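Asks: Going down the list, the sequences are from chains D and U. Anchor point for the first sequence: position 169 equals 168 in numbering that gives the first Met the number 0, and the numbering is continuous, going up by one each time. Anchor point for the second sequence: position 264 equals 263 in numbering that gives the first Met the number 0, and the numbering is continuous, going up by one each time.
By construction, these hints were calculated from the structure, which means they are not laboratory data. Check before you lean on any hint, since a few could be wrong.
As the list claims (entries may be wrong) - Listed below are the simulated EDC-like cross-link pairs for lysine to aspartate or glutamate, each with C-alpha atoms no more than 16 Å apart in a straight line:
hint	chain 1	residue 1	chain 2	residue 2
1	U	86	U	105
2	D	36	U	50
3	D	28	D	56
4	U	220	D	185
5	U	173	U	47
6	U	220	D	46
7	D	36	U	47
8	U	249	D	46
9	U	138	D	185
10	D	51	D	82
11	U	86	U	50
12	U	220	D	27
The structure displayed is predicted, hence computed values, not measured ones.
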Amino acid sequence: MKFEHTILTLFFVLVAAFAIWQSLNDPEKLAGRVYVKQVAGEWVPADEIDRKAGIAEVSLSRSIGLWVGAFFTMFIFSFLYRDNPFYKMAEATVVGVSAGYVMVVGFWTTIIPNLLGKLTPGLIQQWAMPGLSPEQAPGAWVYIFPLVLGIMLMMRLVPKVSWISVWPLAFIIGTTAGLRMVAFLEADFLSQIENSIVPFVVLDKTNSIDYWQSFQNIFLVVSILACLVYFFFSIEHKGAVGKVSRFGIWILMITFGAMFGMTVMGRIALLAIRLEFLFRDWLNLHL
Amino acid sequence: MGIAVIEKLANLDRRWIFLLMFLAVSIPILLELEFPEKPTKLARDVFDEIEKLQPGDKVLLAFDYDPASEGELGPMATSFILHCANKKLKMYFLSLFPVGPQMVEDGITKVILTDFPDLVYGEDYVNLGYKPGYEGVIKVIMTDLRELYTTDARGQNIDQIPMCQDVESIQDMKLILNVSAGYPGSKEWVQYGVTAYPDKIAMVAGVTGVQAPYMYPYVPKQLKGLLGAIKGAAEYETLVNEKYVKGEPKPEYREGVRRMGPQLVAHLLMIFLILAGNILYFLQKRIQRL
Numbered sequence: 000m001k002f003e004h005t006i007l008t009l010f011f012v013l014v015a016a017f018a019i020w021q022s023l024n025d026p027e028k029l030a031g032r033v034y035v036k037q038v039a040g041e042w043v044p045a046d047e048i049d050r051k052a053g054i055a056e057v058s059l060s061r062s063i064g065l066w067v068g069a070f071f072t073m074f075i076f077s078f079l080y081r082d083n084p085f086y087k088m089a090e091a092t093v094v095g096v097s098a099g100y101v102m103v104v105g106f107w108t109t110i111i112p113n114l115l116g117k118l119t120p121g122l123i124q125q126w127a128m129p130g131l132s133p134e135q136a137p138g139a140w141v142y143i144f145p146l147v148l149g150i151m152l153m154m155r156l157v158p159k160v161s162w163i164s165v166w167p168l169a170f171i172i173g174t175t176a177g178l179r180m181v182a183f184l185e186a187d188f189l190s191q192i193e194n195s196i197v198p199f200v201v202l203d204k205t206n207s208i209d210y211w212q213s214f215q216n217i218f219l220v221v222s223i224l225a226c227l228v229y230f231f232f233s234i235e236h237k238g239a240v241g242k243v244s245r246f247g248i249w250i251l252m253i254t255f256g257a258m259f260g261m262t263v264m265g266r267i268a269l270l271a272i273r274l275e276f277l278f279r280d281w282l283n284l285h286l
Numbered sequence: 000m001g002i003a004v005i006e007k008l009a010n011l012d013r014r015w016i017f018l019l020m021f022l023a024v025s026i027p028i029l030l031e032l033e034f035p036e037k038p039t040k041l042a043r044d045v046f047d048e049i050e051k052l053q054p055g056d057k058v059l060l061a062f063d064y065d066p067a068s069e070g071e072l073g074p075m076a077t078s079f080i081l082h083c084a085n086k087k088l089k090m091y092f093l094s095l096f097p098v099g100p101q102m103v104e105d106g107i108t109k110v111i112l113t114d115f116p117d118l119v120y121g122e123d124y125v126n127l128g129y130k131p132g133y134e135g136v137i138k139v140i141m142t143d144l145r146e147l148y149t150t151d152a153r154g155q156n157i158d159q160i161p162m163c164q165d166v167e168s169i170q171d172m173k174l175i176l177n178v179s180a181g182y183p184g185s186k187e188w189v190q191y192g193v194t195a196y197p198d199k200i201a202m203v204a205g206v207t208g209v210q211a212p213y214m215y216p217y218v219p220k221q222l223k224g225l226l227g228a229i230k231g232a233a234e235y236e237t238l239v240n241e242k243y244v245k246g247e248p249k250p251e252y253r254e255g256v257r258r259m260g261p262q263l264v265a266h267l268l269m270i271f272l273i274l275a276g277n278i279l280y281f282l283q284k285r286i287q288r289l
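Same shape as in the complex, but just chain D (with noise of 0.2 Å):
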């Protein structure tokens, strides 16, 4: 075993020693511990009002997902330090768990009451979904094709016809494009212009001047301006036209960073969810 192997092992192993004796050893009784009650005939977590009425009671199921929650969490941690055993585990646990969600979702949501279920009604309501029309839509034969381009798809895994499965394909690209291209163009292209036209001169409810709404859009019409120039190689970036494309540039990079500010409040709100995870609902730790 190698030495980081050894250290990490031997974390778990104190982490889990501690969670056990923080379990048996909580005044509170909740370390360890998810609580639930019923609600209008569902089990739903229960709070500290519900535990101190008694209507409170321990889940077992529910507490045996919290703790491999929790080592789950710090598996993937483990990463920090260095690639190990532990964090390959946890990574192809959540890959291979994804894909089947994903598949099963996929079939029972689309296959079965929107394929399936419109071309054979009855029969889906019989075997799959009791609470679907048996009665069939006028028009549903249609749906023969996405069947048909379906079936074609899968034969992408026959390698001596596999070549089949490029027309379907070629079908998803080309409606994708479509769609995407007139989108693109009315939400992002036409309405951006629309919305970077602005009065310079702003009057509030009085009639006077709003300064500081002038300068905003004053401002904002500038600034596209000038990144657009940045963006404009056909002309030299010299004299104005260098100075407009230089403010372009600053313009740019004050974006980038507030981006990259917003990312790095988004990271630390995850990370924030994990400890908090660890330490209150698993340790039920506070200082």
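Assemble chain U onto chain D, guided by the hints.
Replies: Below, chain U without anything else, positioned relative to chain D:
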């Protein structure tokens, strides 16, 4: 500062930085540090847009996120449900993410089942579940909901659900409240929903920090309000709690504000590290010149 120290700091093992960040985030969590939030215009716009609605108005809550973004988006989703439940709006949940329906169920459990037990499934709220197809789903349900949604997430026929009987398409909704982690999400709802039907569809959104800079250009014409990252969540949460929660809000309703404590300390650390990195860089350059 000695040359050896500068060289050592410049080549510092990055795992020390990870440890510092771990401490910067974990200590405020353990100390339960919280700071007051002053809502900005964008968060207030989101709040006001929902406030304008009347009891019984239909709203679509599109929760396009999964557990990977729960830290940022969970508090927004909770506050959206809490706000809508207090306003007695008809809530139609759906998701374009495979794990989205679980996020919807979590929100329903956390808010509706716990604090609004009088609300009835199928009459006051419904979970329409997940549909694959990315923006294609939005494009279709904008004109015909039943083309894709024949049942809800529980397998119940949509025509047998009372609150769905008079809904033809998403155009029947007074407002779309979108919580988005990426693709497909807010951008697609704006492109295929709001922009395509500007007179019929209004939308507010809560998005991740990564996504927020791409969404700001849509405000205010294509997006009525925007909650960017955990900061936006904390601001909106404050507005909802101030108006609708009597006394001290439950921990579930303060997740956004609570997560701003670690944010502050971690951001201070980041600023320190950026400054230190730059100072070291210039000191190294100076040493090389000598």
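Asks: Each of the hints needs a verdict: does it hold here or not?
Replies: Status of the hints after comparison with the structure:
1. U:86 <-> U:105: 20 Å, violated
2. D:36 <-> U:50: Violated - the C-alpha atoms of residue 50 (chain U) and residue 36 (chain D) are around 33 Å apart, more than 16 Å.
3. D:28 <-> D:56: With a Cα-Cα distance of about 11 Å, the restraint between residue 28 (chain D) and residue 56 (chain D) holds, given a limit of 16 Å.
4. U:220 <-> D:185: The hint holds at about 13 Å.
5. U:173 <-> U:47: OK: residue 173 (chain U) and residue 47 (chain U) at ~14 Å, within 16 Å.
6. U:220 <-> D:46: 42 Å, violated
7. D:36 <-> U:47: Between residue 36 (chain D) and residue 47 (chain U) the Cα gap is close to 35 Å, so the pair fails against 16 Å, i.e. violated.
8. U:249 <-> D:46: Distance of about 9 Å is within 16 Å: holds.
9. U:138 <-> D:185: Holds - the C-alpha atoms of residue 185 (chain D) and residue 138 (chain U) are around 14 Å apart, at most 16 Å.
10. D:51 <-> D:82: 45 Å, violated
11. U:86 <-> U:50: Cα-Cα ~8 Å, so holds.
12. U:220 <-> D:27: 51 Å, violated
Violation of the numbered hints given earlier is confined to hints 1, 2, 6, 7, 10 and 12; the remaining hints are satisfied by the structure.
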